[in-house]
Amino acid sequence: MINWLSDLIFWIFFGAILFTLRGQRIFWTVGALALLLLFNQFFTPGFFHIQLLDGHFYGSRIDVLNQGAKVMLLSLGMVLVIATGGVDLSVGAVMAISAAVSSRLLVTEHQPAGIAIAAALAICVLAGAWNGLLVAGFGIQPIIATLVLMVAGRGVAQLITEGQIINFLDPTMVYLGNGHLFALPFTLTLVLVMLVLTLFLIRRTALGLFIESVGDNYEASRYSGVNALQVKFLVYTFSGLCAGLAGLVACSNIKSADANNIGLYLELDAILAVVVGGTSLQGGRFYLVGAVVGALFIQTLTTTLYARNVSSDVSPVPKALVIIAVCLFQSDVFRARTSRLFRPLTRILKPLSSRLPGKLFTTPRHDAPEP
Amino acid sequence: MATPLLEVTALSKGFPGVKALDAVDLTVQAGEIHALMGENGAGKSTLIKVLTGVFPRDAGETRLEGKIIAPKSPREAEALGISTVYQEVNLVPHLSVAENICLGRQPTWFGAIRWGAIARRARAALARLDLSLELKRQLSSYSIAIQQMVAIARALDISAKLLILDEPTSSLDKSEVEELFKKLRKLREGGLGIIFITHFLEQVYDISDLITVLRNGRRVGCFATRELPRIKLVSHMIGKDVREVEALERKRASAATIRSDQPMLEAKGLGRKGFIHPLDLEIRPGEVLGLAGLLGSGRTETARLLFGVDRPDQGTILMNGRTVKFNSPRAAIRYRIALTPEDRKVAGIIPNLTVRENVVLALQASRGTWRRLTVSDQEKLADRFIKSLDIKTPNREQMLRNLSGGNQQKVLLARWLATEPKLFILDEPTRGIDVGAKAEIEKLIQSLRQEGLAVLFISSELEEIVRQSQRVVILRDRRKVGELTEAEISEEAIMQSIATAEMERPAA
Amino acid sequence: MRLNPKYIPLLATAAVLILVFGTGSLLYPNFGTPRVIVNLLGDQAFVGVAAVGESFVILSGGIDLSVGSMVAFVGILIARLLQAGCDPFLAMGIALGLGTVAGAFMGCLIHYFEMPPFLVTLAGLFCLRGLGFVIHPESIGIEHPFYAEVLPQLSILVAPKAVLPFTAMCFLASVIVGTFVAGFTRFGRYVYAIGSSESSARLMGVPIGRTKITTYALAGFFSACGGVVSTFYMQSGNPASFVGLELDAIAGVVIGGTLLTGGVGFVPGTLMGMLILGLIQTIITFNGTLNSWWTKIVIGGLLLIFIVLQRLISRRAV
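Residue numbers (our numbering), protein chains in the order written: chain E, 1 to 371; chain U, 1001 to 1508; chain G, 2001 to 2318.
If you are wondering where the hints come from, they were derived from the structure by calculation, not from laboratory data. Cβ atoms here follow ideal geometry from the backbone N, Cα and C, with glycine treated the same way. One should not assume that every hint holds.
As the list claims (entries may be wrong) - Computed beta-carbon distance windows for the label pairs:
| no. | chain 1 | residue 1 | chain 2 | residue 2 | range |
| --- | --- | --- | --- | --- | --- |
| 1 | G | G2085 | E | L8 | 28 to 34 Å |
| 2 | U | V1324 | E | A336 | 34 to 40 Å |
| 3 | U | K1387 | E | D332 | 31 to 37 Å |
| 4 | E | Q51 | G | P2152 | 54 to 60 Å |
| 5 | E | A336 | U | D1130 | 44 to 50 Å |
| 6 | E | K255 | G | E2138 | 24 to 30 Å |
| 7 | G | N2030 | E | K255 | 42 to 48 Å |
| 8 | U | R1371 | E | L199 | 15 to 21 Å |
| 9 | E | G23 | U | R1063 | 55 to 61 Å |
| 10 | U | R1401 | G | F2089 | 56 to 62 Å |
Using the sequences and the hints given, assemble the complete structure.
Here you go:
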């Protein structure tokens, strides 16, 4: 492959995207990803190397897309939940349930792949609805409500697999996580399809508006007649569906259902992806594509470390630094205290982005209190 | 002349754009209950915050028992002897009564808390109020009235010389108020100085020795309660002299021409404990019904009951003759009722959503989740109202938080106008809005009425009520005390109604 | 006599504890013996000690996700230090010091920058986990004479065939210390106040910053203690172990009657909660036919019951 040419095309493409996004919040997430990729371009030999083998593309960037699919899928559901001011800690466990149900139906019950997949997704939707019932119906705090399924879910998954790791060879199931479409991993297609579907759900219905409204000001939404409970119920159900899909991809990747390890800690990665993508944990305005890019960023970070022979065991440390950095970025107090430091920086960046998102570097105004 | 307990001289405090306090004087003696009154924006709570060190003052001086003080925090003020008990009873709900009284000053023995000493101290503090409670019981298991007493006991335990009570009776019923007043009188006899902030007229006459009235940051005057007729107090608070009012030329809205006699909404005996006493109300299409009364008289509470935000304990609501029950705002909206709330920050604006999104929200909510308004419809809708209400915004995608208060209010109005309601409840729609915008909103109300809407107009400004309404219902101390129609409506009449309404006098 | 509502969750925990223990004793003849109990205390020791620290954080209205990683980190740290010839007490001292400092650091980020505890301690979880592997990528066995010879002698015979191991004593000691601090120090009462209503506590003069930072530092200390106890128990340090331990700690705290929203709960409740968790595990082990995943399901179910119970109580009381 003529690497420098393909790299050049890549960077022109990326640069164009960045340019179009200037002035929007997602600029920063994509920018962070760009920085990371730039680092790899110069300092990690072979990172940008792409091969075409057997009609499929291979390379580190492709790995990122493939491996990151699970978290990208999770983040689609998680961002909506967080936007309503909640959180879903159970997605990892639900992934395990999805893997368990599908594998069991496939191998032990000898059902066709279509049934196995459909059943797994249906059950995960129910799991999400259960969370929704606890949060919207009973008014239980989301962290607590989803903690229940987080703990019990894995047990349920193990119950379904009867403690075994179920291996399967069914071509359809295997294709989900390992197949290729148009020379690129099928998982990429899956993510894109889900992204489009979610965008449709958000933009073509009023759900996007209601979610942001409920997350931004619950009381005012209620006064305006928004059915806040229905909105909350729906987002948790959807999160369950996303987790179900991610679980199918996960078990397909390893061609087996390991109820113990599938999805382990992925809920935390998903939350991180959402936050890196620009959505605040408080809720309100959310950035769907930002969350997906955030997931890409995290995966790129992981893959970068791997490519540089940093042990995968140690890779959580940079993740921790990312969390801190993002939180500081979002913290009003931090911005207020360091605004003076950043002013020269904003002057440099101004030509690059026509309007810096929000009040990024300005001191929060202290409003005059009611007399 | 004994040294006054508290002497505030020429206190001033300003914020960007508003002078909250302008050379205010206040003198409180020991053994005196001094009421502090004023309408919205008068400066009462700023005065208290400056006194207790929450804000630094711009000018003026405060003397406690003759010595100049300048506390920099509520804790410092407490140490000096000034304690405040707020309406929201700022105590810790899950700790016990005794703990709440002693929190922060628990007696210890080498770092370990002496619970016995705490119990003794708490018991003594409560005894000063003739109160005896189960000290180990969780505070939240007691009623708000009792919790308030505990807060007072805490304040006393910190050896307060001056006790400031900020709206202490808003959530209390009659017997609880009597109990509280009994305790306050006892404390007064003990030499405590008490500043009592309230808007309940009868209570002021019941308990206070002196009344200081503030208006727009200035002190209107300090009066001996016994010598101040109610009508004078009302006029001081509103800022209008009764005789002046008669002489002023009044512009009145033209008499309703489009009106039917069938009321659109009827409330019969509608009430809720702690909110409002049962009242009757009728709103007819093509008519503006003004709801007048001083701050805290129950107007917003009434609106909330009519909109389904709160549920009534008693009485019924009828829409076009049929009994209805509003369990939530959605139910009321289904009957084509709209409400712009009094506190738009809390219940109105969605700050991080755009102007367009805020405008279409209620309409979209009524259509449900699945039938979305197309973007172009949304844009047309937003543009229509930006134009018709003259909303000043660079574009419709501006975040609502960036607009001025007046324009935010207009966006809220647009939100509800978009739903084409039949009954429009406007709770203080012109509060915090510049004069120009005010006039526009008033014009809007009249045009709504001409179109046949029924309008319930709540305002603290009497002139507005008088100008806009065909009928006026007057509330005072959470009760309906009068109703005026057409020619009867005048500021004087409203003020008289508020002042002279017969109240059951609580037992002395 | 009116029942003080704040004791209801604790009584519920006690009831469940008795119920579970009773069920086990009825089902299995060797269950209701002191031996089972002392073994239980010993097995749950390192989680339990960490859970005591977690109790404080949850009582203050926050959460600490870094507990499991801290235990693993301290474990491998001590093992490595001992391998390098360090004196065990010095090693333990270093570990405890580091744990406290780490906790205090997280507390500072949470308070001064108003960052959500969930995310900050999550970062702590990732950070400590990775740092553990930096210290040494694999597990290290501990062969120090203190561990091999002194430690086994520190156990006490409390009943025929029931030897209370040193780890269990550490657990009980932590609970006693925790109970004292929570109930008899100003700091402890401030923690409850902040968890119940931070705004009110601030107005009442409670030093919010100092208290919050100390709370997280304390949690770091107890987690590090848990790590030390884990070296007693495992006789080794392993950077890959104790994944998900924070969940067990949190579950123990919640089942122990502490509200996740803060302000309500007791440290002895956490002891009971951890015992319940251990008992369930033991019952399932005794059973032999039931598989280990039932533990997770039952614990999840218990959590649910307690959460709903807490919700119903708070709906009524406030």
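Right, here's what the structure says about each hint:
no. : hint                            : result
1   : G:G2085 <-> E:L8: 28 to 34 Å    : violated, 56 Å
2   : U:V1324 <-> E:A336: 34 to 40 Å  : violated, 49 Å
3   : U:K1387 <-> E:D332: 31 to 37 Å  : holds, 36 Å
4   : E:Q51 <-> G:P2152: 54 to 60 Å   : holds, 59 Å
5   : E:A336 <-> U:D1130: 44 to 50 Å  : holds, 49 Å
6   : E:K255 <-> G:E2138: 24 to 30 Å  : holds, 28 Å
7   : G:N2030 <-> E:K255: 42 to 48 Å  : holds, 43 Å
8   : U:R1371 <-> E:L199: 15 to 21 Å  : holds, 18 Å
9   : E:G23 <-> U:R1063: 55 to 61 Å   : holds, 56 Å
10  : U:R1401 <-> G:F2089: 56 to 62 Å : holds, 58 Å
In the structure shown, a violation is registered for the earlier hints numbered 1 and 2, in ascending order.
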